[in-house]
Structure formats: structure tokens, C-alpha cells
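Asks: Chain by chain, the residues:
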Amino acid sequence: MPTRSETLTRAASLRAMFEAQGAALVEPPILQPATTLLELYGEDMRARAYVTSDALRGEQMLRPDFTVPVVQMHMAEGADPARYTYSGEVFRRQEEDPDRANEYIQVGYEVFDRADPAAADAEVFALIAEALRGLPLRAVTGDIGVLMAAVEGLQTSARRRHALMRHIWRPRRFRALLDRFSGRTPMPPSRAALLAGQASSDAPLIGLRSRADIEERIAALHEDAATPPLSGREVEQIEALLEVREVMPHALSQLHDLAVDMPDIAPAVARVTAREAALRARGVDTDNLMFEASYGRSSMEYYDGFVFGFRAEARADLPTIASGGRYDALTRRLGQGREIPAVGGVMRPGLMLVLEGAP
Amino acid sequence: MTLKLGVPSKGRLMEKTFDWFAQHGITLQRTGSDREYAGAVAGIEGVSLNLLSAGEIPRELAAGRIHMGVTGTDLVHEKLALWEQLVEPVEELGFGHADLIIAVPKAWIDVDTLDDLDAAAAAFRAAHGFRLRIATKYHRLVRNFLRDSGVADYALVDSQGATEGTVANETAEAIADITSSGETLRANHLKILCDGMVLRSQATLWRSRTAPMDERIRKTLKELEARLG
Numbered sequence: 004m005p006t007r008s009e010t011l012t013r014a015a016s017l018r019a020m021f022e023a024q025g026a027a028l029v030e031p032p033i034l035q036p037a038t039t040l041l042e043l044y045g046e047d048m049r050a051r052a053y054v055t056s057d058a059l060r061g062e063q064m065l066r067p068d069f070t071v072p073v074v075q076m077h078m079a080e081g082a083d084p085a086r087y088t089y090s091g092e093v094f095r096r097q098e099e100d101p102d103r104a105n106e107y108i109q110v111g112y113e114v115f116d117r118a119d120p121a122a123a124d125a126e127v128f129a130l131i132a133e134a135l136r137g138l139p140l141r142a143v144t145g146d147i148g149v150l151m152a153a154v155e156g157l158q159t160s161a162r163r164r165h166a167l168m169r170h171i172w173r174p175r176r177f178r179a180l181l182d183r184f185s186g187r188t189p190m191p192p193s194r195a196a197l198l199a200g201q202a203s204s205d206a207p208l209i210g211l212r213s214r215a216d217i218e219e220r221i222a223a224l225h226e227d228a229a230t231p232p233l234s235g236r237e238v239e240q241i242e243a244l245l246e247v248r249e250v251m252p253h254a255l256s257q258l259h260d261l262a263v264d265m266p267d268i269a270p271a272v273a274r275v276t277a278r279e280a281a282l283r284a285r286g287v288d289t290d291n292l293m294f295e296a297s298y299g300r301s302s303m304e305y306y307d308g309f310v311f312g313f314r315a316e317a318r319a320d321l322p323t324i325a326s327g328g329r330y331d332a333l334t335r336r337l338g339q340g341r342e343i344p345a346v347g348g349v350m351r352p353g354l355m356l357v358l359e360g361a362p
Numbered sequence: 002m003t004l005k006l007g008v009p010s011k012g013r014l015m016e017k018t019f020d021w022f023a024q025h026g027i028t029l030q031r032t033g034s035d036r037e038y039a040g041a042v043a044g045i046e047g048v049s050l051n052l053l054s055a056g057e058i059p060r061e062l063a064a065g066r067i068h069m070g071v072t073g074t075d076l077v078h079e080k081l082a083l084w085e086q087l088v089e090p091v092e093e094l095g096f097g098h099a100d101l102i103i104a105v106p107k108a109w110i111d112v113d114t115l116d117d118l119d120a121a122a123a124a125f126r127a128a129h130g131f132r133l134r135i136a137t138k139y140h141r142l143v144r145n146f147l148r149d150s151g152v153a154d155y156a157l158v159d160s161q162g163a164t165e166g167t168v169a170n171e172t173a174e175a176i177a178d179i180t181s182s183g184e185t186l187r188a189n190h191l192k193i194l195c196d197g198m199v200l201r202s203q204a205t206l207w208r209s210r211t212a213p214m215d216e217r218i219r220k221t222l223k224e225l226e227a228r229l230g
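Each protein sequence line maps, in turn, to chains Z and B. Here the first sequence stands for residues 4 to 362, where the numbers follow the numbering used here. Here the second sequence stands for residues 2 to 230, where the numbers follow the numbering used here.
Don't read these hints as lab results, they were simulated from the structure. Incorrect hints may have been included.
To be verified - Computed list of lysine to any residue pairs in SDA-like fashion (alpha-carbon distance at most 25 Å, straight line):
no., chain 1, residue 1, chain 2, residue 2
1, B, K107, Z, D227
2, B, K138, Z, E99
3, B, K80, Z, V54
4, B, K138, Z, V54
5, B, K138, Z, R60
6, B, K107, Z, L208
7, B, K80, Z, E99
8, B, K138, Z, E98
9, B, K107, Z, I221
10, B, K138, Z, L43
11, B, K80, Z, S56
12, B, K138, Z, Q63
13, B, K5, B, L53
14, B, K11, B, T185
15, B, K138, Z, L41
16, B, K80, Z, E106
As the list claims (entries may be wrong) - In silico negatives: residues of chain Z with every beta carbon more than 12 Å from chain B:
no., residue
17, Q24
18, E249
19, R314
20, L356
Every residue, glycine too, gets a C-beta built ideally from N, C-alpha and C.
Using the sequences plus the hints, can you model the full thing?
Replies: Below is the structure:
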């Protein structure tokens with residue numbers, strides 16, 4: 004195992020590489036107010052991050068990642084375009100695998116630039132790929148935006164599209180919703196009784212969820228029952244999209260074929276095409292670069308476009324060595340009315356040293 | 002060295018545990034004044050009784066400070082991550098039945114499943130500006146259960162007691178708590194979701210996987226397990 008000082012030395016040289024690209028060094032505090040992260044990611048965040056508290060400031064979280072504080076800082080005081088780099092500890096609760104580190108050093112690079120998103124995506128990916136050159140890693144890319152566009156384009160009610168969007172990051176639940184909206188799973192008996200007007204309760208209504216809330220949901224359920232099932236063809240198209248898992252040139256031709264039947268994904272596919280060209284222009288061997296349409300669906304919820312990760316080929320036991328993606332929507336949510344296209348990535352210098360030291 | 006057996010220090014759980022051991026020819030009893038937490042074991046050699054709070058028995062087993070202990074499945078699963086590596090169930094004792102369940106107001110006629118709860122939570126957040134609150138003291142179990150069930154847009158709020166009252170008090174919209182007969186739920190105008198069973202729990206005798214043992218304790222353990230099995 005590399006020592007802490009070896010890891011910090013490597014982190015400093017990686018950071019210097021990003022500074023040479025014109026990135027400003029930022030150092031967000033280790034203790035972050037818990038409310039922002041909980042508001043963004045909900046209760047699941049507590050399973051991933053350490054929460055502590057004091058009587059004055061309330062709940063604080065040990066920084067589980069840098070992206071959120073860097074976005075907050077940029078949205079509050081940064082002028083664009085901007086490039087930032089940082090390095091330091093992040094803390095992750097590990098309750099299932101004692102071999103996973105709960106504290107480790109991350110080095111990152113974030114680009115806030117409106118000019119050319121494809122070029123910015125390629126810049127982040129290529130710089131990180133360059134820093135990792137020589138390590139036995141396999142890169143995978145994807146694009147959450149294509150799946151989002153496919154969901155947006157479904158010929159069904161806005162409510163159903165919204166429900167699917169909400170669960171894009173929960174693949175199993177997404178699958179269950181698709182099955183229900185396409186009539187593949189039967190309606191639970193309690194739902195059928197409710198729609199038939201046979202559900203009633205003599206119990207007093209307690210709590211803050213009001214009579215109006217209940218009636219609104221019943222109306223929504225009636226509307227949903229009257230909505231025709233999602234066609235088998237559309238479900239198959241989504242499934243075909245999720246199965247795209249090929250090197251870039253083949254993946255692109257599959258995506259273009261799919262876009263013939265799903266014209267709504269065409270702009271998102273065009274973005275993948277533009278990114279491929281930008282990556283190639285940066286010297287990335289895209290002929291051998293993997294693209295998986297479902298990649299990144301079970302990671303942090305903030306990526307909404309390009310996603311990528313580098314994993315050690317022969318060390319399935321190691322976590323992802325480097326990862327990143329585009330998070331335009333996050334800048335909107337934290338920007339209080341402002342937004343800016345943004346993309347970034349992080350590396351784990353400690354794991355890089357482990358791989359270099361391995362025989 | 003003696004084999005240390007941890008048993009709940011008071012109430013019905015203690016009495017029933019004593020009864021259960023008595024049925025197997027082992028007498029556990031409290032000694033000294035009825036306020037003193039000291040105990041004695043008769044009917045088997047080499048076993049000492051540690052009277053502990055039921056909630057602390059999982060921790061003591063995991064740390065290897067007791068060799069065996071009686072406590073609920075719910076407490077072991079909630080308090081010990083990777084509990085399988087730390088403790089092993091020896092016998093289910095057939096009492097102390099309690100189910101950890103998710104319950105919502107009975108008047109929510111539109112909510113009967115976890116799928117309904119998820120949809121109601123999304124709408125609640127949009128309408129009220131904060132996440133639907135679920136009161137519980139079983140944070141880890143409930144969070145894992147809801148994550149695996151694909152429920153989003155909720156927040157857990159801590160409730161260490163009188164959890165069934167939190168909805169009427171408007172400090173939570175739903176609850177996750179243990180129930181045996183469901184009477185308290187009914188009295189508080191709550192109903193259990195049809196697929197809202199998080200965990201079925203009962204009093205269980207556990208063996209620590211981490212407690213140090215010498216030859217003598219190993220022999221006692223074998224004898225004890227043979228008698229109880």
C-alpha cells in the first residue's frame with residue numbers, strides 16, 4: 004500500500020498538471036452543511052456519507068465529494084468560463100465492504116464553459132486519460148442524456164414520462180415502471196378497488212398530507228388508468244438503447260439506427276457524434292473506446308450527459324480509478340436561477356500508486 | 002474462564018428467556034436484591050450470566066465480550082453491519098415476535114403499496130416543499146429497505162419512542178416501527194402497507210464469532226448447544 008505522503012505527492016503533481024491547463028486551485032472545507040447534499044440526493048446520501056452535528060450549526064457532512072461545493076462556489080462568485088482543480092480527502096461510509104476505503108484522496112478538474120460542450124467533454128476526458136497513461140485500465144464512456152431524451156420522447160402521458168425520468172438512476176425501479184406502463188404487470192388489487200370507487204376509510208385524517216393531496220393523487224390514478232399502455236415497440240426501443248454496448252464507431256452506428264425510429268434522441272446522438280470527433284481531435288483512440296448506453300445509471304444522480312470511468316482490467320476488486328461526467332442540471336439546481344454547462348472528473352492517486360506497485 | 006451468556010436484564014424478555022432456558026434444564030436467575038443486576042446459572046457448569054440491556058447485546062456479541070446472547074433479530078440487523086461475520090444465530094426462541102413495518106395514515110386510501118408510497122412522496126415534496134418524513138429508530142434497516150424498493154423523496158426522522166404518535170403530532174407523515182399485534186397502530190389511525198414488511202423479528206440466541214475461547218469454553222459451548230438444540 005502506498006503511504007499517505009506518496010499519495011499526496013502524486014496528488015500534487017496531478018493537480019499541477021491541471022493548473023498548467025489554466026485551472027484555478029480551490030479548497031472547499033471538509034465540513035459541508037448537510038442540508039444541501041440531503042436536499043439534492045435524499046436519504047440515500049446518509050448511507051454514503053458521514054453525518055455529524057453540533058448544537059449551533061446543526062448537521063454537517065464530511066465532504067463526500069468536491070463537485071457540489073465547487074459548483075456552489077462557482078455559481079456564487081465565479082465568472083465563466085472557468086476551470087478549477089482541487090485535491091484532498093473525501094469520506095465515504097462503507098457498511099457493506101470492509102475492504103473499501105472510507106477516506107481517500109481525490110484530485111479533480113472541473114470545467115465551466117459555455118462555448119463548446121463537446122470540446123470541454125473531450126478536454127476533461129483526454130487530460131485524465133493522459134494522466135493515467137501506462138496503467139492497465141479500461142475506459143468506458145456513456146451518455147445519460149440519450150436515455151433521458153428517449154424517455155422524453157415516449158408517446159405517453161407527461162406524468163408517466165416524469166415518473167420514468169425520476170427513476171432513471173434506479174434501474175430496477177425504472178424497469179418495473181416500464182413494465183407497468185406497458186401493461187406487462189397486472190394492477191395491484193388495492194389499486195383496482197380504489198379506481199372502482201370501492202376504497203374508503205372511516206379513520207380520521209391525521210398528519211400533513213391533506214385531503215386535497217389524496218384527491219389529487221386519485222385523480223392522477225384515474226388519468227393514468229385511462230392512458231393507453233405504452234406500445235411494445237416503444238418499450239423494445241428503450242431496451243435496445245439500454246443494450247448498446249460497443250466500441251465507439253459501432254455504438255454510434257447503432258445509435259443512429261435507433262434514432263431513425265426514435266427521432267427525439269437525434270439531438271442527443273448528435274452530441275455523442277460531436278464528442279467522438281472532439282475526442283479524436285484530442286488524440287483519443289475512439290476506435291477502441293467503449294460506449295455503454297446504460298453506463299453511470301447507478302452512480303451519483305447529478306450526471307445528465309457525458310459520463311466516463313476508468314477501471315483496472317485485472318483488478319475487479321478495486322473501485323473505479325477515475326470517473327466523471329457532465330452535470331449541467333446540477334448548476335441549474337444550485338444556481339438560483341442561473342446555469343452553465345459544466346463537466347468534470349476525479350482521479351484517485353492512491354489507487355494509481357497501488358496499480359503501479361503491483362507486479 | 003467461563004462462557005459468558007448475555008441476557009436482557011429486565012421485563013418480559015428476561016422472564017421468557019429464563020423460562021426458555023428452564024425448559025432445557027438450565028436455571029438462570031437474578032441474585033442479590035431485585036435492583037442488583039447480578040445473576041447465577043445452575044444446571045450446567047462453566048456458564049456465567051451477564052444481565053444487559055437488550056439493545057446493547059448486539060454490540061457486546063460483536064466485540065466478543067460475551068460468547069452468547071439473547072436479543073431480537075431487529076436489533077442485530079440494525080446495529081451490526083455485516084452481522085453474519087460477527088454473530089451466528091443458534092436458536093430462535095419463539096417469543097418476542099415483532100415485525101418492523103412501514104405504516105401510513107389509514108385515511109390514505111390511495112396508498113397501499115411501496116409503489117404508492119413512492120408516488121405519494123414525489124407529489125408531497127412538490128406540494129409541500131420538503132420530503133415526506135418517515136419516523137423511525139431503525140434508520141439503517143429502513144433506508145436499505147426503501148432503497149431496494151425504489152422509494153425516493155422521503156426523509157427519515159429519528160423517533161426513539163411513541164413513534165405511532167408522530168403523524169398526529171405532524172412531525173412525520175409515515176412511520177417505520179416494530180409491531181406485534183398492530184393494536185397501537187390501529188389506535189393511532191395507521192395501517193401497514195401490504196408490501197411494507199421490512200423484517201420479521203423474534204428473540205434469538207446468538208453466538209459471537211469474535212469472542213476468544215479456550216478449550217474449556219469450547220467444551221461448555223458444545224454441551225450448551227447440544228442441550229438447547
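Asks: Indicate, hint by hint, whether the structure satisfies it.
Replies: Hints and how they fare:
At most 25 Å may separate the alpha-carbon atoms for a hinted pair to count; K107 (chain B) and D227 (chain Z) meet this at roughly 23 Å. About 20 Å separates the Cα atoms of K138 (chain B) and E99 (chain Z), which keeps this hinted pair within 25 Å; it holds. Restraint check for K80 (chain B) and V54 (chain Z): the C-alpha separation of about 17 Å stays at or below 25 Å, so the hint holds. Of the pairs offered as hints, the one joining K138 (chain B) and V54 (chain Z) holds, with about 16 Å between alpha carbons and a cut-off of 25 Å not exceeded.
Of the pairs offered as hints, the one joining K138 (chain B) and R60 (chain Z) holds, with about 23 Å between alpha carbons and a cut-off of 25 Å not exceeded. Note on K107 (chain B) and L208 (chain Z): the hinted pairing holds, with a Cα-Cα distance of about 8 Å set against a maximum of 25 Å. In summary, the hint linking K80 (chain B) to E99 (chain Z) is supported, as the alpha carbons are separated by about 13 Å, within the 25 Å threshold. Only pairs whose Cα atoms come within 25 Å are accepted, and K138 (chain B) paired with E98 (chain Z) is accepted, the gap being roughly 18 Å.
Restraint check for K107 (chain B) and I221 (chain Z): satisfied, since their Cα atoms lie roughly 15 Å apart, inside the 25 Å limit. Note on K138 (chain B) and L43 (chain Z): the hinted pairing holds, with a Cα-Cα distance of about 23 Å set against a maximum of 25 Å. Our distance criterion of 25 Å between C-alpha atoms is met by K80 (chain B) and S56 (chain Z), whose separation comes to about 20 Å. The suggested pairing of K138 (chain B) with Q63 (chain Z) holds, with an alpha-carbon distance near 20 Å, which does not exceed 25 Å.
Our distance criterion of 25 Å between C-alpha atoms is met by K5 (chain B) and L53 (chain B), whose separation comes to about 12 Å. About 22 Å separates the Cα atoms of K11 (chain B) and T185 (chain B), which keeps this hinted pair within 25 Å; it holds. Only pairs whose Cα atoms come within 25 Å are accepted, and K138 (chain B) paired with L41 (chain Z) is accepted, the gap being roughly 19 Å. Only pairs whose Cα atoms come within 25 Å are accepted, and K80 (chain B) paired with E106 (chain Z) is accepted, the gap being roughly 22 Å.
Once the 12 Å rule is applied to beta carbons, Q24 (chain Z) is consistent with being away from chain B; the minimum gap is 37 Å. For E249 (chain Z), the shortest C-beta to C-beta distance to chain B comes to about 29 Å, beyond the 12 Å cut-off, and the non-interface label holds. At the 12 Å boundary, the C-beta of R314 (chain Z) stays outside the reach of chain B, the nearest C-beta of that chain being 24 Å off. For L356 (chain Z), the shortest C-beta to C-beta distance to chain B comes to about 28 Å, beyond the 12 Å cut-off, and the non-interface label holds.
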